[in-house]
Amino acid sequence: MAGQSFFDEIWGYSRARKPRPGFDEIAQWIRTTPKSELKRRQDSAEAAFRQLGITFNVYGEEEEAERIIPFDIVPRIFTANEWDRLTIGLEQRVNALNAFLGDVYGDRKILGDGIVPADLVLGNPGFTPAVNGHRPPHGIHVHIAGIDMVRTGPDEFYVLEDNVRTPSGVSYMLENREAMLRLCPELFEIFEVEPVDRYPDALGAMMKSVAPEGASSDCNCVLLTPGHFNSAFYEHSFLADNVGIELVESADLIVDDDIVWMRTIEGRKRVDVIYRRIDDEFLDPLIFRPDSMLGVPGLMAAYFAGNVTIINAPGNGIADDKAIYSYMPEIVKYYTGEDAKLPNVETWRCREADALQYTLEHLEELVVKKVDGSGGYGMLVGPAATAEEIEEFRAVLKAKPAGYIAQPTLALSTVPTLTDKSIKGRHVDFRPFVLSGTNGVTTVPGGLTRVALQEGSLVVNSSQGGGTKDSLVLRPDDQQPAQSQSQSQAQS
Amino acid sequence: MLARTASWLYWIGRYMERAEFTGRLVEATVRLDALSARPAGTGAWESALSVAAAGEDFAATGQSITPSSVANYLTLAEENANSIRSCLYNARMNGRAVRTALTREAWESINRAWLGLRDRSATGGSQATINLVEELKAEIRGFEGAMHRMLRQESHWFLRLGAAIERADNTARLIDVKYHLILPEGEEVGGLVDRDQWGTILQTVSANTAFRWLYSEGLSPGRVVEMLTLRPELPRSLAACVSEVVTILDALGRQTGRQGEADRMARLRQKRTAETKVDQIIRGGLHEYLKAFITENRLLSGAISSQFRFD
Chain A
1 MAGQSFFDEI
11 WGYSRARKPR
21 PGFDEIAQWI
31 RTTPKSELKR
41 RQDSAEAAFR
51 QLGITFNVYG
61 EEEEAERIIP
71 FDIVPRIFTA
81 NEWDRLTIGL
91 EQRVNALNAF
101 LGDVYGDRKI
111 LGDGIVPADL
121 VLGNPGFTPA
131 VNGHRPPHGI
141 HVHIAGIDMV
151 RTGPDEFYVL
161 EDNVRTPSGV
171 SYMLENREAM
181 LRLCPELFEI
191 FEVEPVDRYP
201 DALGAMMKSV
211 APEGASSDCN
221 CVLLTPGHFN
231 SAFYEHSFLA
241 DNVGIELVES
251 ADLIVDDDIV
261 WMRTIEGRKR
271 VDVIYRRIDD
281 EFLDPLIFRP
291 DSMLGVPGLM
301 AAYFAGNVTI
311 INAPGNGIAD
321 DKAIYSYMPE
331 IVKYYTGEDA
341 KLPNVETWRC
351 READALQYTL
361 EHLEELVVKK
371 VDGSGGYGML
381 VGPAATAEEI
391 EEFRAVLKAK
401 PAGYIAQPTL
411 ALSTVPTLTD
421 KSIKGRHVDF
431 RPFVLSGTNG
441 VTTVPGGLTR
451 VALQEGSLVV
461 NSSQGGGTKD
471 SLVLRPDDQQ
481 PAQSQSQSQA
491 QS
Chain B
493 MLARTASWLY
503 WIGRYMERAE
513 FTGRLVEATV
523 RLDALSARPA
533 GTGAWESALS
543 VAAAGEDFAA
553 TGQSITPSSV
563 ANYLTLAEEN
573 ANSIRSCLYN
583 ARMNGRAVRT
593 ALTREAWESI
603 NRAWLGLRDR
613 SATGGSQATI
623 NLVEELKAEI
633 RGFEGAMHRM
643 LRQESHWFLR
653 LGAAIERADN
663 TARLIDVKYH
673 LILPEGEEVG
683 GLVDRDQWGT
693 ILQTVSANTA
703 FRWLYSEGLS
713 PGRVVEMLTL
723 RPELPRSLAA
733 CVSEVVTILD
743 ALGRQTGRQG
753 EADRMARLRQ
763 KRTAETKVDQ
773 IIRGGLHEYL
783 KAFITENRLL
793 SGAISSQFRF
803 D
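Protein chains in written order, with this note's numbering: chain A, 1 to 492; chain B, 493 to 803.
Chain A extracted, bound-state conformation (with noise of 0.2 Å):
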């Protein structure tokens, strides 16, 4: 990738260091706030989260070695505009999966229709088929995504990868505001940046509005954790703290004629809406995986009687699969009527053969990726790699074509990052959290910001080393309190 010029969110293509429009405050805030002030913050920012335990457990090292995701000082930044467009975007592309979640496992139209190979669906092990031909309360499967998504020019946007399952990393998002909020006050007198903080409240909300029809006005919701050696436990406890619903175990529950309960001090209480986040092999010992320690037995039969929501829907995993992902086009066309606002990257299914050729003869310039995997394992990154780490992979690839897809090596665009020496561009990607109830589609304005701190590094997953950055989404200009009051003055 040597030579090849990157966009910079800050600087744009300009080799001069002159800012994009409307970023002459903040590369003035880069340029003058002395490095060692600014290493200062970032260690005094790590310090808090790691009092405060927002930790992660890194799999496959000693047990329990808990880690803080390094954050850095240095934010990304949204114009009102680009926010704009990409919430609608995210909006119609969150609806498409809904509906082709619930056209799969019902009427099976988009197969009919030969718009998606049926094999590829109904042979995916993402596919579910203890699910088939079941609604969920209010017809709603995802209900909390997170839209993985990266930037390689000024209005080049693509969605990377869809999560439909249980994302995660909406902690960071609110805490790195709280910890940007703290020690760069001066920032948020620069912009005036849309809050996060208002998460909480839209998911407390979403999940009140899921609940199977009968349950009362104050339905009980809860989240389940798979318990606190879990990565992400920080984060589950960190949202059933904010949004004041009990964090619960699968201990914790039973399930008794169809009705999901949990154990209090006083007894039983009744149970409505579970946010869970484990995955749906281990919800429920009777239906997916016997020997799961983790689950509840009778968990989905409480879930088929329509007794208890669950989020998001059993069954997501077809719709996340990065097979189908390349068809999302097609998917969104489909059940829209419209084109996809938001693009997808060029995708070679390793499945046909022409891809697989292709695939094969390109490895070193492409990015080669498990059709079910995730957390930045098992793939190759072609330019990155070895000449004896492609042939390792051309191996595994010509063993299991179909488990693989191949994308081009994207440009991602930069973030100017603390680094040791200086402030330098580091590669970013961006995880929007999208909720849909019945009450609407949300999509608060930020989300999770990965920077790769290697320098040159495309892979920015925290388990391969990646950090963290505050995403700030600008308020418009015509929005700003003191315009609209004198507005709405004028007009009366």
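Calculated from the structure, these hints are not laboratory results. Mixed in with the good hints, there may be bad ones.
[Said to hold, decoys possible] Quick list of in silico lysine to aspartate or glutamate cross-link-like pairs, DMTMM-like style, CA-CA up to 25 Å:
#1 A:Lys39 - B:Glu600
#2 A:Lys269 - B:Asp803
#3 A:Lys269 - B:Asp755
#4 A:Lys109 - A:Glu352
[Claimed, not checked] Counterexamples of contact, computed for chain B against chain A with all Cβ distances above 10 Å:
#5 Arg523
#6 Ala546
#7 Gly554
#8 Ser560
#9 Val685
#10 Arg715
#11 Leu760
#12 Arg775
Every value quoted in this text rests on a predicted model; they were computed, and no experiment measured them. Ideal placement from N, C-alpha and C gives every residue a C-beta, glycine not left out.
Fit chain B to the known structure of chain A by using the hints.
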């Protein structure tokens, strides 16, 4: 409140209290052994192990009893399930699991106590050991402060209930140390060494000055025993702990509408303690009294577990 949450909060209360008590025990033993004009020798460390009910487990490690081996075992040893390190580790793990039931302040105080001790590999000499215990005591005071600032809801009461039950147990064990602490040959009961030992026990619970306030007469075994068992003014006394348990169970009963066997046992114990005189205790045998108290306390803890469906 989830029954599991209640149970884990209760155990946080117990572990934090146990950590502090063990710290105080180590500190007192260091003073008794090394800082006293008349060193008590390894006998002091043997008795510290007895108080912590860790004699057998320590013997199983194969180490010989020296000030540093026992101080290390009680303070930092991972293989000792009741070492300060283990207590803080367990309290923190429980705290992490019930994070939502704790205030940020309460959680941070537990986490900080743990982080402060986590990387210590040796206690060091007498002074270093005492410093370590001082730091620990400060951290635990921070936790207690945070606990007392919590809303008066179930979370608060379960933490305090665990602490009160544990404190009752620990005080009983501490007084009992005198039973295990054999006087050197030639020393008489009531003699200088005997008085020194009682003085050290008072020091362990920071009650030297309290004793002067409550008793104008000088230090005597009978008076120390009375203060630590029956005087309600001393927050660590058995009587004070016994009353605190009743108060907390009352508060829980009002909030949850649940009363039961634990309440009955706790009230009975309170009534009996109020009617007891120190002479009766000493006549009947102090060690026997304390043994019975510790057993009853354990049964009460079991009754609390079933009443609030801990398991």
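Now for the hints, and whether the structure bears them out:
A threshold of 25 Å between alpha carbons decides the hint, and for A:Lys39 with B:Glu600 the separation of about 24 Å falls inside it, so the pair holds. Taken as a hint, the A:Lys269 and B:Asp803 pair is honoured in the structure, with Cα atoms around 17 Å apart against an allowance of 25 Å. Proximity of A:Lys269 to B:Asp755 is assessed by CA-CA distance (about 24 Å); at most 25 Å being required, the pair is judged to hold. For the suggested pair A:Lys109 and A:Glu352, the alpha carbons sit about 23 Å apart, so the restraint of at most 25 Å is met.
Remark: the non-interface label on B:Arg523 is consistent with the geometry, its nearest Cβ contact in chain A lying 33 Å away (cut-off 10 Å). Chain A leaves B:Ala546 outside its interface by the beta-carbon criterion, the shortest separation being 25 Å against a cut-off of 10 Å. Distance check on B:Gly554: its Cβ is at least 27 Å (rounded) from any Cβ of chain A, clearing the 10 Å threshold; non-interface status holds. With a least CB separation of 28 Å from chain A, B:Ser560 remains clear of the 10 Å interface cut-off, as annotated.
No Cβ of chain A approaches the Cβ of B:Val685 within 10 Å, the least distance being about 46 Å, so the stated non-interface status holds. Distance to chain A confirms B:Arg715 as a non-interface residue, since its nearest Cβ pair spans about 41 Å, more than 10 Å. Even its closest Cβ contact with chain A, about 22 Å, leaves B:Leu760 beyond 10 Å, as expected for a residue assigned away from the interface. Distance check on B:Arg775: its Cβ is at least 42 Å (rounded) from any Cβ of chain A, clearing the 10 Å threshold; non-interface status holds.
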